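Student: Now for the letters of each chain:
Protein chains: 2
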Amino acid sequence: MKQLIGNAVVGQSGGPTAAINATLAGVIRGVSEQLGTGSITTLYGMRNGVEGLMQERLINLSEYFDTEEKLALLEHTPAAALGSCRKKLPKPGENDAFYEAMIAVFRKYNIRYFFYIGGNDSMDTVAKLSAYTSAHDYEMVILGVPKTIDNDLVGTDHTPGFGSAAKYIAVTTQEIIRDCAVYQIPAVTVIEIMGRDAGWLTAASAIGRVVNGIAPDLVYLPERTFDLQAFFRDIRAALKRHPNVVIAVSEGLRFADGHYVGEGTQTGATDAFGHAYLAGTGKALEFAVKAEIGCKVRSIELNLPQRCAAHLASETDLAESVATGKAAVQAALAGVSRCMITAQRVSDEPYRIEYVPKDVSQIANRIRYVDDAFINAEGNHVTDECCRYLLPLISGEAFCSYENGLPKHLIL
Amino acid sequence: MKQLIGNAVVGQSGGPTAAINATLAGVIRGVSEQLGTGSITTLYGMRNGVEGLMQERLINLSEYFDTEEKLALLEHTPAAALGSCRKKLPKPGENDAFYEAMIAVFRKYNIRYFFYIGGNDSMDTVAKLSAYTSAHDYEMVILGVPKTIDNDLVGTDHTPGFGSAAKYIAVTTQEIIRDCAVYQIPAVTVIEIMGRDAGWLTAASAIGRVVNGIAPDLVYLPERTFDLQAFFRDIRAALKRHPNVVIAVSEGLRFADGHYVGEGTQTGATDAFGHAYLAGTGKALEFAVKAEIGCKVRSIELNLPQRCAAHLASETDLAESVATGKAAVQAALAGVSRCMITAQRVSDEPYRIEYVPKDVSQIANRIRYVDDAFINAEGNHVTDECCRYLLPLISGEAFCSYENGLPKHLIL
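Line order of the protein sequences matches chains A and B.
Quick note: to get my numbering, add 27 to the position in the first sequence (first position is 1).
Quick note: to get my numbering, add 27 to the position in the second sequence (first position is 1).
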């Protein structure tokens, strides 16, 4: 493939993370480092992903990021500095007008390089656009750059953004366990962690097991069917060992009949304002334990801070996120297209990964579940092997800068 | 008052905080510094407050904390290293046998100094014990050492523990606002913050106003009656300004009829397991906004991490917590008793406080509400004056030590 000459565009898509801006910074650094070779002249950012691209809401990133200070600040800013979207592209062949309009924008700005930072859905965008452009005579290099706190992309050891979310969860769990240890009365604390399909984030709550021996008593992942009676038995056994039982559960837990634990099968249940009530998984289990066991019970939903707590980002994750962005630019310049940049773990000790582009059509719309070897036989905890896989991903603290006690963020 | 000679005991009581162990470290440091004067020979720690004291579950802290490293680790460990309790003492005169049993323990261990670290309820313990011992011929110095994330003790500028909770809330709010800004569709995010009676913690969500101009659009404190129609009007006005409305609410919001917003007046409402459902304030408002305005709505309960997130402690708070503990020992050695150590702000710029003992009977069982001047006329935000009062309390970052990506905690 001959070297394309033109401009590049980068976008962020899907749920934000604490590290997606570090990946954006990596793309900016990658383009900046090749300046002078003549391949990419200007790097544009699309605001709100492909939605903003269609409306020509572009920002000249090559111009804006003219200092190292701005790039460093971007790397430590949570969420998505360019904005995001959840736009699903039409299937090629079903709405050609959509793609033609997009290509018209590419032509207008002479865009020949397309970098899209996102998760499963965003890789679907990359795959569809790759398929369309290659069939319709618009020469373009298209690369997916992974990010998802869920760690559920196939073909890669892990995903940028996951390590920081995992670190927040692991640290917060340690702090919650300390907090719960202060009283002597029997109490159950349920921590609800993100992860609709895959239990990677919930597994991260247990990393302490291989560091200081401190972890939740019980851990339930969506990879295993949730059985309420087994859950009660597990809790009763744990309460016999010590009074402060802490349990980590994935939001995506389901019963054998396929219903989510937090789904709210109840009919007619209403809240103070008369509105139908949908419990979260943690809340539903809180009520269940209170009714069955009768001890003090509370639930804690870690919620949005899991994905935006940049103040506790993993240094390894941020560094890898930057490296992934740079690797995407380098692959693009080497003529690679229609791929996502994956991380391959080449060594555990010392921990070392390599970046390898893989066919994005083999990655999009698939889910990587927690390995069987990472879940114990009882289905109520993770294995040490799982914790050892996770441990290097939360290594190091990427503290942000503070001003008057508050973190400094970059707003584009 | 002549100088008492004997041993000392210290306890932690009430809800844990990220700084209560720093105050404990301050007491240990204070006692350690006077060693050799002959007043206090040994400092004991009571496990689980007065409950453990009655059971003689004591730990020799003078012996245990033999290195600076251990003390530093204690200062950065969240929750209560000695354990806590919520024991309410009988009124003097109602159950003398209880007090006599306690005094028997004091005699057995020759304890002449009693330090109790806690909030309103703990100061009640200090006041009652002071009243009893002074009337019953047991010479003892009794001092209350404040801690509460709620900042609701009267007679003091602020309370140890509050600054770290306020910092966690202020920083997390900034991160949530970044996260919420990524999409273009109208959305309301309700952040529920602790504070049953006083709105200090919720006010802390707005500190960014005087730092970087970033704060929730609306802030509702329990000091003002909550009016649902005014709330809807406020949100509609905010949505006209920008699509991502973020709102901070105290868990203790009440309607004009005195009912808590999160109280769950509904009868017959049940969750998936058929149990009666009690909504949180944030969840209740989430449902209300969804039904009334119909846009995307979510609620986030900051929950326990507010009080145990030692990884984001305020440097000012930790330093003051240590200083308060030391001030208590110094006051005790100077013959002060039946007092709580208060903080008096003697200067705003530069920020400076002094420690002054005040009669604990004037502090116990009272609540300090957010000043009228700190709440705007509409009752839907705090004033800049409020933010300027709060700002120095979150100043500086007291990062803990990490090992393999996780914080190091001291477990007694």
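You may find that some hints are simply not true.
Because identical chains cannot be distinguished in the list, a pair is counted as satisfied if it fits within a single copy or across any two copies.
Stated by the list, open to error - Taking lysine to aspartate or glutamate pairs in the DMTMM-like style, the calculated list, with each CA pair at most 25 Å apart, reads:
no.	residue 1	residue 2
1	Lys114	Glu83
2	Lys323	Asp148
3	Lys385	Asp284
4	Lys435	Asp148
5	Lys323	Asp123
6	Lys323	Asp224
7	Lys135	Asp398
8	Lys114	Asp284
9	Lys135	Glu166
10	Lys155	Asp254
11	Lys435	Asp375
No lab work stands behind these hints: they were computed from the structure.
All values derive from a computational prediction rather than experimental measurement.
Student: Could you place Lys114 and Asp284 in one of the four classes (within, between, both, neither) given a Cα distance threshold of 25 Å?
Tutor: neither (31 Å within a copy, 45 Å between copies)
Student: If the cutoff is 25 Å on CA atoms, where do Lys385 and Asp284 land: within, between, both or neither? Let me know, please.
Tutor: neither (36 Å within a copy, 62 Å between copies)
Student: Checking Lys135 and Glu166: alpha-carbon separation at most 25 Å within a copy, between copies, both or neither?
Tutor: Result: close within a single copy only, 14 Å intra versus 88 Å inter.
Student: For Lys155 vs Asp254, is the C-alpha pair at or below 25 Å within one copy, between two copies, both, or neither?
Tutor: Intra 40 Å, inter 50 Å, cutoff 25 Å: neither.
Student: Could you place Lys323 and Asp224 in one of the four classes (within, between, both, neither) given a Cα distance threshold of 25 Å?
Tutor: Answer is between; shortest inter-copy Cα gap is 22 Å, intra-copy 30 Å.
Student: I want to check one pair: Lys323 and Asp148. Are their C-alpha atoms no more than 25 Å apart within a copy, between two copies, both, or neither?
Tutor: between (41 Å within a copy, 20 Å between copies)
Student: At most 25 Å between alpha carbons: which applies to Lys114 and Glu83, within, between, both or neither?
Tutor: Intra 16 Å, inter 65 Å, cutoff 25 Å: intra-copy only.
Student: Is it within, between, both or neither when you check Lys135 against Asp398 at 25 Å Cα-Cα?
Tutor: Intra 46 Å, inter 58 Å, cutoff 25 Å: neither.
Student: As a check of your reading, is Lys435 near Asp148 (CA-CA no more than 25 Å) within one copy, between copies, both or neither?
Tutor: neither (30 Å within a copy, 38 Å between copies)
Student: For Lys323 vs Asp123, is the C-alpha pair at or below 25 Å within one copy, between two copies, both, or neither?
Tutor: neither (59 Å within a copy, 31 Å between copies)
Student: Quick one: Lys435 to Asp375, C-alpha cut-off 25 Å, is that within a copy, between copies, both, or neither?
Tutor: between (34 Å within a copy, 24 Å between copies)
The structure does not agree with the numbered hints 3, 4, 5, 7, 8 and 10 stated previously, though it agrees with the rest.
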